[in-house]
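**Student:** Single-letter residue listing:
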Amino acid sequence: MPSDIHKEIVVLSGKGGTGKTSVTASLAVIAGNSAVVADCDVDAANMHLLLQPDFGQTVEFYSGQLAELDQELCTRCGICADICRFNAIPFHEDQYRISSLDCEGCGYCAQVCPTGAITMKERRSGNLYTSRTKAGSTMVHARLDIAAENSGKLVARVKNDAKAIAKSENKQFIIVDGSPGIGCPVVSSLAGACYVLLVTEPTMSALHDLKRVYAVIKRFRIPAGCLINKYDLNEEKSAEIRQFLKEEQIDHLADIPFDPIFSSAMIEQKTIVEVSLPLKHLMEEIWDRINTRLNTKKEAI
Amino acid sequence: MKIAFTATGPTWESLVDPRFGRTEYIVLFDEEIDLITVVDNRSVSNEAHGAGTATAQKMYELKPDILITGNGPGDTAAQALKHLKMRIFVDAHDMTLAKAYDAYTKGKLREI
Numbered sequence: 001m002p003s004d005i006h007k008e009i010v011v012l013s014g015k016g017g018t019g020k021t022s023v024t025a026s027l028a029v030i031a032g033n034s035a036v037v038a039d040c041d042v043d044a045a046n047m048h049l050l051l052q053p054d055f056g057q058t059v060e061f062y063s064g065q066l067a068e069l070d071q072e073l074c075t076r077c078g079i080c081a082d083i084c085r086f087n088a089i090p091f092h093e094d095q096y097r098i099s100s101l102d103c104e105g106c107g108y109c110a111q112v113c114p115t116g117a118i119t120m121k122e123r124r125s126g127n128l129y130t131s132r133t134k135a136g137s138t139m140v141h142a143r144l145d146i147a148a149e150n151s152g153k154l155v156a157r158v159k160n161d162a163k164a165i166a167k168s169e170n171k172q173f174i175i176v177d178g179s180p181g182i183g184c185p186v187v188s189s190l191a192g193a194c195y196v197l198l199v200t201e202p203t204m205s206a207l208h209d210l211k212r213v214y215a216v217i218k219r220f221r222i223p224a225g226c227l228i229n230k231y232d233l234n235e236e237k238s239a240e241i242r243q244f245l246k247e248e249q250i251d252h253l254a255d256i257p258f259d260p261i262f263s264s265a266m267i268e269q270k271t272i273v274e275v276s277l278p279l280k281h282l283m284e285e286i287w288d289r290i291n292t293r294l295n296t297k298k299e300a301i
Numbered sequence: 001m002k003i004a005f006t007a008t009g010p011t012w013e014s015l016v017d018p019r020f021g022r023t024e025y026i027v028l029f030d031e032e033i034d035l036i037t038v039v040d041n042r043s044v045s046n047e048a049h050g051a052g053t054a055t056a057q058k059m060y061e062l063k064p065d066i067l068i069t070g071n072g073p074g075d076t077a078a079q080a081l082k083h084l085k086m087r088i089f090v091d092a093h094d095m096t097l098a099k100a101y102d103a104y105t106k107g108k109l110r111e112i
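First to last, the sequence lines map onto chains A and B.
For the first sequence, our numbering gives the first residue as 1, with consecutive numbering after it.
For the second sequence, our numbering gives the first residue as 1, with consecutive numbering after it.
Quick caveat, the hints were computed from the structure, so don't treat them as lab data.
Being a predicted model, the structure only gives us computed values, none of them experimental.
Any given hint could be a false lead.
Claimed, not checked - Derived DEER-like restraints, expressed as beta-carbon distance ranges:
1) A:R221 to B:M1: 22 to 28 Å
2) B:I112 to A:S264: 26 to 32 Å
3) B:Q57 to A:Q71: 46 to 52 Å
4) B:K82 to A:D70: 43 to 49 Å
5) B:I112 to A:E72: 23 to 29 Å
6) A:F55 to B:I112: 38 to 44 Å
7) B:G107 to A:L233: 47 to 53 Å
Using N, Cα and C, we set each Cβ at its ideal position, and we do this for glycine too.
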C-alpha cells in the first residue's frame, strides 16, 4: 500500500454538481499546511476560485498532437480536407488551413498527403501551475487551452508533481479533486490512492453514477467513504444510497443538509467552512473520520 | 518463470509503479537464466489516452508468466489481458522490486 510518508485522498463523485469541489476545498482549508492539494478536475478546474492560489510557478504542458501544414509544399490537392472526419482543414482564401480547434490529432491527413506538407506536432494543451493557496498549502493545478481536453496523462503529471512536493516538503496528505465520470482521467487519478471520498446527492442520476464510479474504485481495491450532500431534498433516495453504501461496505461518513451557503460562499470565493460554523464543525468531523479510517486500515504486506 | 514488474525506475531497487497502463518501466526477471531486462514504457505513459491497452499489448509481446504490480490493470486493460496466460499479483506498490520479488516468492502477494 502507498507509503507512510504521505496519504493520498481522492475525491470523486461520478456525477458532476454534487458539491465535490466545495467539499474538497473545505478539506484543503482544514488540512491547511499539512497537505498538498492537486486539482485533477482539469476540464472544469474551479478549485482555484475557492482556494485563491497565487499561480506562483508556470510550466507549459504538451499532450496529444496537432497537424501542421507547410503552405510551401502544399499543392492544394484537397485530399487531406476530404478525408478529415473532423472537417478540420477548411479551404479559405486560396489555402487549406488546419483549424486547431477542430483537429483531433489523428494524423490521417499527414499519412495521405502526397507531398508531405503535413506533419504532426506536439500540441500545447495548457499551463501547469504550482501555487501557494490562501490556506498556506501548496497546490498543483492546470488551466487548459481552448478546445484542449483533460487526459490521463495530464492527471498523472499533476499527481506526480504533487507527490514530489509532498515528499520534499514532508507533507502528511495529498488531497486530490478528481474528475466527474469514470474515464481515463478518473482511472489515472486513482493510482496509488489510499482512500476515496465519494460526494453524492439524492438524485437518480447521482446514484447511478455513484455505482459506476464505485465499480472502478472496487477494481483497484481502494477503501472508500461517502457523504450524501443535500440529503434532505429527497429522503427516499438518500435511504436508497445508504442501502447501497451498506451493501458495498462503503463508509457512510455524513449526511449534509441542503444549504444555500454552498452557493453564497462560492460567490464570495470562499469555502463553506470559512462562512458557516456548523458546516465547519461537520467538515472537521468528516476529516477526523477519514483520518481515523486511514490509520486503522489494514496494513499491506 | 518470467516475471514482469511495473516499475518507476529501471533498477532492482526501484519502486513498483502502482499504475499498469502508465507505468514508466517494465522490468522483466527471468528466474531460469537469472537475467533482468528493462523495457522503457515512457512512450506509452506519455500518451494522452489509451495507455492501458498499449501496455497490455506490450505484455502480449513480452509474454511474462507473472505480473507484479500495484493497483492492477483497469477494466479495459484487464479485458485485453484475459487471453494471456499470465498470473497477476497486486498491491506491491511502494515496495522495491527486490522486496516485491521476495514477497512474491514467500507467497505474500495478493493474486487477482
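**Student:** Each hint should be assessed against the structure and marked as holding or not.
**Tutor:** A quick look at each hint next to the structure:
At about 24 Å, the beta-carbon gap between A:R221 and B:M1 stays in the expected band of 22 to 28 Å. Checked against the given bound of 26 to 32 Å, the beta carbons of B:I112 and A:S264, roughly 47 Å apart, lie outside it. B:Q57 and A:Q71 have their C-beta atoms about 37 Å apart, which leaves the hinted 46 to 52 Å range violated. The beta-carbon spacing between B:K82 and A:D70, approximately 45 Å, falls within the hinted interval of 43 to 49 Å.
Taking 23 to 29 Å as the suggested C-beta distance range, the pair B:I112 and A:E72 does not conform, at roughly 55 Å. The hinted window of 38 to 44 Å between A:F55 and B:I112 holds, with their beta carbons roughly 42 Å apart. Separation of B:G107 from A:L233 is about 51 Å and conforms to the stated range, judged on CB atoms against 47 to 53 Å.
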